[in-house]
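As you go down the protein sequences, you meet chains A and B in turn.
Per our numbering, the first sequence starts with residue 1, numbered consecutively.
Per our numbering, the second sequence starts with residue 1001, numbered consecutively.
Simulated from the structure, these hints should not be mistaken for lab results.
Only a predicted model underlies this, so the values are computations on that prediction, with no experimental measurement involved.
All the given hints hold, so there is nothing to weed out.
If you only want the chain A side, here are some residues facing chain B, beta carbon under 8 angstroms, derived:
#, residue
1, G16
2, A37
3, F45
4, I133
5, R154
6, S159
7, C169
8, L171
Here are the simulated lysine-lysine pairs, BS3-like style, with alpha carbons at most 30 angstroms apart:
#, chain 1, residue 1, chain 2, residue 2
9, A, K85, B, K1142
10, A, K193, A, K84
11, B, K1143, A, K120
12, A, K65, A, K85
13, A, K60, B, K1024
14, B, K1145, A, K193
By construction, the Cβ of each residue, glycine as well, lies at the ideal position given by its N, Cα and C atoms.
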Amino acid sequence: MVNIIWGLFIIIGIIGTIISGKIDTISEITLNSTKEALDMVIKIFPVMALWLGIMNIGIKSGLLKKIACKISPILHFLFPDLDKKDETFGFIASNIVANFFGLGSAATPFGIKAMESMQKKNENKEVATRSMITFLVMNTSGLTAIPTTIIALRMFHGSTNPTEIVLACFLATTISTICALIIDRLFAKRSEKK
Amino acid sequence: MIDLISKIAIPAIIFFVVFYGFIKKTDVYDNFVEGSKESFKMIYNLFPTLLAMLLAINFLLASNILELISNFITKFVNIPSAVVPLAFLRPISGSSALAILNSIYLNYGPDSYIGKLASVIQGSTETTLYVLSLYFSVIGVKKIKYALKVGLMADLIGFICSIIIVKLFFG
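Required output: the full structure, derived from the provided sequences and hints.
Set out below in structure tokens:
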């Protein structure tokens, strides 16, 4: 799937630039993309190092297991494939909480830990499990209470009430997350039948 | 209130985690360093993925094909044409979606109807392609099954919800 999309993007992209007569920009775009990738890595790296360190304190002190055990039955309902005392729930909970408060950069390392922890119990390492997909669907529907970037950008452009959109955002993202989880469950059921 | 939460969240989390580790008599410093080392492994897996995705996305953006598609859509569906490119790019590229949001604020103002609509669309969707390729490539999963389909559907639902809710709230 990813192979096809990636290939198509590159092929369509280059053909499209030829048709629109901008082929001379391609080499510049290629160089800039590599720089952009390195810039992102440089930005993410220190934040990741920090949060993985903090996270490890939480793992070793048993805090994460405690959160995982205490967390509401909602997560058990959403991830029926995972063992109820699984440490993964601690990572998933941390990821959701970080996303919820608009701390996107902190959410990513928690999310990766959650995925690694699910991968450990995965029988076929190359194929995604049902729980992994459910977790990523939650992440891609962007559930957040405080869209920090948008508020900051609205402030920057002189909005009279930058946080005016927060409630509308929250409603929209909650509805779309719930819908996405329902669709995910339907797909999971269908793929189990096969 | 919101400002306060986002200001104290990070120090509060760090304080609480270290404090808990401390009273449980674990080696807080050693554990921090040990956990921090894992970031090298993650970045090692992350960089090639990011590079590949950015390259493909930037090629696609340069080709104008997305503009063609969004022009085509606004002919049939009655939504402000300024937000269509945003809805299209949001799942594919976070940085270009942000650039479009920025230009909408510049052209229409953040407090205009279109400005509010764009804010809510941006806030209720995610960079699906980036999230999926990042998480799956770090752990080495190649077959992602129905993940992309559901992720994109979530974005579409988020987009439709945003239009309806903004109409109800501010319309």
